[in-house]
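Novice: Listed below are the residues making up each chain.
4 protein chains.
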Amino acid sequence: MTQKLSIGLIGAGRIGKVHAQSIANQVADAEIVRVADALPDAAAAIGQQYNIPFSDNYKDVLQDDAVKAILICSSTDTHAQMMIEAAAAGKHIFCEKPIDHDLSRIDAALSAVERAGVKLMIGFNRRFDLNFQKVKETISSGAIGEPHLLKITSRDPAPPPISYIKVSGGLFMDMTIHDFDMARFLFGEVEEVFATGGVLVDPAIGEAGDIDTAIITLKFANGAMGTIDNSRQAVYGYDQRVEAFGSEGMVEIKNNLPNTHAFYGADGVVSEKPLYFFLERYMDAYGREMAAFVDCVVHDKPSPVTGQDGRAPVVIAMAALKSLQENRPVKLIEIS
Amino acid sequence: MTQKLSIGLIGAGRIGKVHAQSIANQVADAEIVRVADALPDAAAAIGQQYNIPFSDNYKDVLQDDAVKAILICSSTDTHAQMMIEAAAAGKHIFCEKPIDHDLSRIDAALSAVERAGVKLMIGFNRRFDLNFQKVKETISSGAIGEPHLLKITSRDPAPPPISYIKVSGGLFMDMTIHDFDMARFLFGEVEEVFATGGVLVDPAIGEAGDIDTAIITLKFANGAMGTIDNSRQAVYGYDQRVEAFGSEGMVEIKNNLPNTHAFYGADGVVSEKPLYFFLERYMDAYGREMAAFVDCVVHDKPSPVTGQDGRAPVVIAMAALKSLQENRPVKLIEIS
Amino acid sequence: MTQKLSIGLIGAGRIGKVHAQSIANQVADAEIVRVADALPDAAAAIGQQYNIPFSDNYKDVLQDDAVKAILICSSTDTHAQMMIEAAAAGKHIFCEKPIDHDLSRIDAALSAVERAGVKLMIGFNRRFDLNFQKVKETISSGAIGEPHLLKITSRDPAPPPISYIKVSGGLFMDMTIHDFDMARFLFGEVEEVFATGGVLVDPAIGEAGDIDTAIITLKFANGAMGTIDNSRQAVYGYDQRVEAFGSEGMVEIKNNLPNTHAFYGADGVVSEKPLYFFLERYMDAYGREMAAFVDCVVHDKPSPVTGQDGRAPVVIAMAALKSLQENRPVKLIEIS
Amino acid sequence: MTQKLSIGLIGAGRIGKVHAQSIANQVADAEIVRVADALPDAAAAIGQQYNIPFSDNYKDVLQDDAVKAILICSSTDTHAQMMIEAAAAGKHIFCEKPIDHDLSRIDAALSAVERAGVKLMIGFNRRFDLNFQKVKETISSGAIGEPHLLKITSRDPAPPPISYIKVSGGLFMDMTIHDFDMARFLFGEVEEVFATGGVLVDPAIGEAGDIDTAIITLKFANGAMGTIDNSRQAVYGYDQRVEAFGSEGMVEIKNNLPNTHAFYGADGVVSEKPLYFFLERYMDAYGREMAAFVDCVVHDKPSPVTGQDGRAPVVIAMAALKSLQENRPVKLIEIS
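Residue numbers (my numbering), protein chains in the order written: chain X, 353 to 688; chain W, 353 to 688; chain C, 353 to 688; chain Z, 353 to 688.
Hints were generated in silico from the structure; no laboratory data involved. Don't take every hint at face value.
If chains are identical, the list can't say which one is meant, so a pair holds when it fits in one copy or spans any two.
Distance condition first, Cα-Cα at most 30 Å in a straight line; then the derived DSBU-like pairs of lysine-lysine [unchecked claim]: (1) LYS486 / LYS606; (2) LYS411 / LYS488; (3) LYS369 / LYS356; (4) LYS486 / LYS449; (5) LYS471 / LYS449; (6) LYS486 / LYS411; (7) LYS518 / LYS411; (8) LYS411 / LYS683; (9) LYS420 / LYS674; (10) LYS518 / LYS488; (11) LYS356 / LYS606; (12) LYS518 / LYS356; (13) LYS683 / LYS369.
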């Protein structure tokens with residue numbers, strides 16, 4: 353039996369725990385061997401659960417020779433620096449999205465990775481969801497013919513705390529960035545963006561300088577067009593749908609439901625709302641994502657989500673923000 | 353332009369009105385030219401609406417030389433006698449189901465029709481519904497392979513008045529007879545029946561000597577099996593579904609809905625109940641049925657629902673009743 | 353019994369025939385009494401079918417004292433002039449959409465109608481479709497709370513002939529105009545439009561100066577946002593859906609299907625495509641539309657689709673075209 | 353932290369592996385500490401995977417004082433004897449269905465368990481599936497009112513090997529037994545059964561003395577009726593649905609799908625078939641089942657699936673077989 357890939361975890365918050373659990377339960381050929389988190393209690397919790405060394409200093413992970421790959425699950429502002437140091441230490445890197453809110457810092461990090469020749473994969477988990485994968489396959493198979501229209505619905509069940517909103521980078525960088533990635537994943541490169549948005553859910557979000565509702569129009573390099581609609585609050589749950597329309601047909605995916613029941617009563621037919629929580633909705637996708645990262649490292653395959661795949665949605669988010677501010681379509685070449 | 357087929361209507365009640373309306377609106381090459389109903393007001397209402405002669409004596413219709421075909425929409429106990437007289441008068445006949453509750457009377461009527469050489473079509477309207485026709489086509493195309501299992505769900509939204517129950521001939525003869533016809537239409541001849549039933553909806557139905565809920569198992573001549581479930585009261589509306597399963601797949605049809613909306617709220621997703629009323633559900637089918645009758649007469653085609661198609665479900669209903677009473681499977685050859 | 357409303361039909365083409373048929377079959381208190389069409393054969397066909405006077409001169413209809421109301425179903429460029437003359441003749445007016453492609457001609461026509469005090473109803477048939485009405489009711493009931501996002505999908509099964517494209521007024525004026533009306537019907541007044549579009553279906557459409565695929569973003573006066581997507585060719589049929597999202601929930605409608613069957617085979621589950629043809633999809637709505645017009649005239653009720661309702665979508669279409677040409681959002685106040 | 357419940361696994365085949373995996377990944381407060389299987393390789397495989405002692409003798413498990421509870425996952429003919437010995441050894445018992453094919457052996461085993469006062473849970477995994485649980489909850493809540501009709505569809509994707517068929521105990525004891533349990537779970541005690549069946553899938557199944565297709569009618573103690581339909585081969589996958597109808601409404605569950613996509617093309621709309629494999633369909637339910645067993649042992653709760661729940665479906669299966677053989681309804685009191 354091959355030796356397992358030894359992974360160091362940096363950031364023991366919600367998403368760090370998810371990845372640790374995925375590796376323990378679903379990824380046979382990898383194991384978490386060390387963990388660090390700036391909050392000592394968080395690091396300790398995971399350390400004790402998996403019986404591995406833990407500390408409040410991420411450098412401990414990077415300096416551990418046993419660690420061959422790291423997961424960067426800390427706050428966004430630390431990603432670029434950690435990538436640079438990890439690359440220097442020769443560790444393969446899985447980094448949560450977004451890489452950074454600043455293009456020059458992203459570029460510095462990507463350069464460091466390239467120079468070091470380590471693997472880098474960005475955590476766009478939805479690419480590993482079976483529904484979105486089926487859409488991708490259907491498009492790639494040619495079944496819809498030439499792509500014409502892409503419609504992405506992406507709505508959260510409830511807004512995050514205002515404290516989070518303030519450091520989130522804004523709706524486009526925090527939430528729509530997944531949709532920008534999905535747009536590229538399905539229809540290819542984006543050339544121009546027009547964004548409109550407003551504060552319809554909670555005035556406090558506006559006071560924090562952000563919006564909570566938006567519609568974004570995309571123009572793709574291949575001539576296709578797309579639209580994304582976002583809301584910070586869909587009272588019926590986490591609403592994640594896609595529709596891809598082309599010359600030969602359309603493929604759509606619906607939401608996942610907790611069960612398939614329907615009740616037929618005198619007042620109508622009642623069935624389930626979509627799953628409410630993103631972890632519930634994408635738990636399986638997170639597992640597949642980790643498996644894909646380990647597979648790319650262990651078997652020396654190309655990264656399924658490259659550094660460029662991490663950079664491009666940031667550029668689109670910046671263009672969208674500029675479009676919103678200036679109320680005009682913005683070409684991506686205006687950014688960077 | 354060809355002359356229109358002149359039709360006489362006997363029975364100006366609910367179903368008679370439906371057929372008159374279908375002919376006026378949807379059947380270009382036919383027209384109602386005379387109407388009779390034992391209730392003079394009913395006859396008058398239709399007579400005045402269409403500006404045609406009316407009376408309270410069905411013989412007036414049969415003796416009218418201008419009448420080439422008749423619709424028998426009067427009460428079941430009059431069907432056989434009217435068929436015999438209409439055949440003698442050389443009129444083509446459309447007769448509502450069931451022909452009669454007595455096999456010897458049915459046979460006498462069918463013999464009279466045969467001797468006279470007139471067309472006879474029995475009013476099993478569901479055969480003309482686009483949903484059931486699609487099931488039939490799918491089975492006939494071989495898509496499901498060899499037929500194995502047939503499941504018919506047939507539930508009324510609310511029971512009829514007890515006064516009607518008393519003269520209805522019982523659940524099997526009044527309501528299930530449509531399902532027995534559908535079973536034959538889709539899977540062919542039935543050889544054996546086992547019926548179980550009870551009074552679960554309204555004790556008054558039991559006091560009237562009938563049941564209101566039933567499950568019937570069918571064995572077909574081709575080795576397939578089927579099940580029918582009936583209720584006199586589905587609070588969510590008129591429930592009419594079929595599922596046909598075979599060696600190569602399954603075809604199912606669902607209920608028709610008044611509209612396609614779904615509301616997603618914090619308490620779930622609410623959509624429409626099935627159409628409540630059978631006339632609403634099958635209005636289109638009634639129109640196609642009349643068109644088929646006129647077509648078979650005008651273009652001298654075989655009847656799409658023959659006298660034998662009218663007799664066979666009566667035999668099944670009698671076997672089902674015997675099965676219920678004796679709590680054992682009953683072969684159809686035990687009847688008649 | 354009340355006397356029937358006597359209606360004159362101007363324009364005996366496809367839509368004129370539909371309205372004549374609706375009135376004959378579904379509107380008890382009205383009748384077509386005279387017809388005119390510039391093509392004598394078209395006028396004659398309807399005239400003979402309903403046994404009424406016909407001519408190739410619409411003035412014959414306007415000068416007939418028996419005619420109390422008229423249906424303007426002729427080509428768009430004749431609408432305004434006919435409205436003015438009909439108003440002068442004291443006839444109530446039903447006019448197909450769009451009123452005209454020119455705002456000053458529209459305004460002249462609306463002024464003439466107002467001065468004459470006759471009823472005017474514009475033919476936005478989708479407002480009378482049971483699906484869209486259910487969405488309207490759900491929004492009006494407050495069930496979705498404050499309106500936030502509106503998504504209209506509107507795709508034709510196949511493009512019209514290039515000869516038609518050339519005189520159509522363009523995609524926005526010919527096809528999206530229905531969606532602009534639907535947007536107003538559901539979410540109220542529009543303030544700003546951003547349109548993007550392309551020629552993805554057929555280069556000949558581009559050569560004719562039009563586009564065949566578009567996404568339009570709408571900003572409403574109430575702060576809500578909307579998106580419309582159009583294609584001249586959805587190979588799976590006529591795609592007409594709406595989704596209205598608000599603070600308390602979402603309501604959506606799906607397409608109507610020819611039947612409800614699903615086939616489960618080894619290769620997947622196959623069910624029906626949407627109805628292909630707009631007349632099939634909206635036949636019932638056309639009937640309800642005519643009934644509503646007759647009701648408003650006979651019972652002196654307000655018009656359910658006013659002249660202003662006919663003018664506003666034209667303004668939106670003009671703004672959309674300007675937006676497409678200048679690649680920037682256009683406020684409606686820039687128009688007219 | 354509480355000490356984990358130490359579990360011994362007897363039977364290291366397919367279902368034994370599933371339970372071991374569930375405990376490792378999903379049940380925090382239990383662990384497999386020893387394994388035995390008559391096939392030494394099977395025992396070794398699991399033993400090495402979890403680094404625990406293994407042998408080919410189940411008595412090794414029963415004699416291990418560290419083992420507090422056992423999972424009986426060996427062949428059916430060994431269940432009763434192992435239960436008796438495990439009870440004597442004071443081990444809590446989880447036993448796969450069916451307990452045995454012989455009522456006297458079942459009764460002996462249940463008596464031994466009762467005398468020993470150990471916990472016993474029978475492995476009817478579907479009771480732990482979220483879909484079936486939702487149906488149960490809906491019925492229990494009173495939402496459907498008085499239960500009237502129960503319809504269970506239960507079809508395998510493909511028949512097992514003939515060698516398995518021969519020792520399976522027959523369709524009713526091997527496959528329908530899950531449906532008999534589900535019927536009791538949802539509607540309560542069964543009083544009478546009528547079964548019809550045939551060999552429609554594969555003649556070799558008939559030659560092995562079994563049937564492959566069946567319809568069973570149930571009469572419940574509460575007056576309700578039910579029907580189960582079974583096939584050994586649904587080419588579209590594992591078909592597991594339930595419909596419960598009552599005086600106030602109906603609740604139904606549909607199949608689980610691998611993803612939610614639908615492709616709209618010129619030939620129709622194609623979506624996913626049900627999950628094909630029962631382990632895939634019920635993997636989550638198996639995990640919940642193990643968690644429920646551990647919970648009942650660790651927290652001294654009543655068993656969620658008692659010995660009587662294991663015995664009753666065997667009685668129904670025997671009655672169904674007798675009904676099939678004698679072609680008559682059979683009361684359960686005729687058995688045992």
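Novice: Now tell me, hint by hint, if it's right for this structure.
Specialist: Hint check:
1. LYS486 / LYS606: both (12 Å within a copy, 21 Å between copies)
2. LYS411 / LYS488: Answer is neither: 38 Å inside a copy and 53 Å across each miss the 30 Å cutoff.
3. LYS369 / LYS356: both (19 Å within a copy, 22 Å between copies)
4. LYS486 / LYS449: Answer is within: at 23 Å inside a copy they meet the 30 Å cutoff, but 37 Å across does not.
5. LYS471 / LYS449: within (16 Å within a copy, 49 Å between copies)
6. LYS486 / LYS411: neither (40 Å within a copy, 49 Å between copies)
7. LYS518 / LYS411: Classified as within: same-chain Cα gap 28 Å, cross-chain 63 Å, threshold 30 Å.
8. LYS411 / LYS683: Neither, since 40 Å and 55 Å both go past 30 Å.
9. LYS420 / LYS674: The answer is neither: 40 Å in one copy and 57 Å across copies each exceed 30 Å.
10. LYS518 / LYS488: neither (34 Å within a copy, 37 Å between copies)
11. LYS356 / LYS606: Neither, since 37 Å and 41 Å both go past 30 Å.
12. LYS518 / LYS356: neither (40 Å within a copy, 44 Å between copies)
13. LYS683 / LYS369: neither (38 Å within a copy, 49 Å between copies)
Checked against the numbered hints given earlier, the structure breaks hints 2, 6, 8, 9, 10, 11, 12, 13 and satisfies all the rest.
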